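K.L.:
Sequence:
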Amino acid sequence: MPQISDHTFKREIINILSRAFDDNLSVNYVIKQGAGRKRRIKELIEYSYQICKKYGVVYINGNTTAVALILRSDRKRFTPFLDLRLAISSITFPRLLKIFDRETKLKKRRVKEPHLYLWFIGVDPIYQNTGLGSELLTEVLKYADDQGLPICLETSKLSNVPWYKRNEFEVYDSIDDFGFDVVMMRRTKSKKL
Numbered sequence: 001m002p003q004i005s006d007h008t009f010k011r012e013i014i015n016i017l018s019r020a021f022d023d024n025l026s027v028n029y030v031i032k033q034g035a036g037r038k039r040r041i042k043e044l045i046e047y048s049y050q051i052c053k054k055y056g057v058v059y060i061n062g063n064t065t066a067v068a069l070i071l072r073s074d075r076k077r078f079t080p081f082l083d084l085r086l087a088i089s090s091i092t093f094p095r096l097l098k099i100f101d102r103e104t105k106l107k108k109r110r111v112k113e114p115h116l117y118l119w120f121i122g123v124d125p126i127y128q129n130t131g132l133g134s135e136l137l138t139e140v141l142k143y144a145d146d147q148g149l150p151i152c153l154e155t156s157k158l159s160n161v162p163w164y165k166r167n168e169f170e171v172y173d174s175i176d177d178f179g180f181d182v183v184m185m186r187r188t189k190s191k192k193l
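Our numbering numbers the first residue of the sequence shown as 1 and each following residue consecutively.
Calculated directly from the structure, the hints in this document are not laboratory data.
When the alpha-carbon atoms are kept at most 20 Å apart in a straight line, the in silico DMTMM-like pairs for lysine to aspartate or glutamate are as follows:
| id | residue 1 | residue 2 |
| --- | --- | --- |
| 1 | LYS108 | ASP74 |
| 2 | LYS105 | ASP173 |
| 3 | LYS98 | ASP181 |
| 4 | LYS38 | ASP23 |
| 5 | LYS165 | GLU135 |
| 6 | LYS189 | ASP146 |
| 7 | LYS10 | ASP22 |
Just the calculated beta-carbon pair ranges, DEER-fashion:
| id | residue 1 | residue 2 | range |
| --- | --- | --- | --- |
| 8 | GLU168 | LYS32 | 32 to 38 Å |
| 9 | ARG11 | SER159 | 24 to 30 Å |
| 10 | ALA35 | SER134 | 34 to 40 Å |
| 11 | LYS142 | GLN33 | 34 to 40 Å |
| 12 | ASP173 | ARG11 | 31 to 37 Å |
| 13 | ASP173 | PRO114 | 15 to 21 Å |
| 14 | GLY131 | GLY179 | 30 to 36 Å |
| 15 | LYS10 | TYR127 | 17 to 23 Å |
Keep in mind the model is a prediction, meaning the values are calculated, not measured.
Glycine included, C-beta positions come from ideal geometry on N, C-alpha and C.
Working from the sequences, and respecting the hints, build out all of it.
P.N.:
Structure, rendered in structure tokens:
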């Protein structure tokens, strides 16, 4: 599994995840809707990519059709320039209070111990349901085991919950304050070892 170490695949990573998360409830809750929505999704994904390059890990499969962005909870993240740029271009200032409220509610319920946070995992829609996401998730879980850390995620796509459960994730909380449910899941070290 190639781990991205340069900008060669940056555009493809952003395109894959933007297409994969185009109809995602959480993503569309965060960004301003209307004209330019797809551009704003790309800006959000680019922001996430840049944060993960600096404070986590970016995985892309060998045929550049599936991507995972992972953050380490124990690494400091101070990115005022990136945060401000995203706020101006994709979120807009009037939405910031809404987003801050959302993030505060989620943060209160997140796991407090050091962990990996699976921020995004997505497959280009053309290749979805072909096993590529499962292959990539297997690599991500191996990475978590190698690091000796649990891995956590949040999903607003409830149809993905059974898939995560098949991969040893357990639901530890959920929240429905945003007009849709967000399921919070966690996986400790593999039981298969």
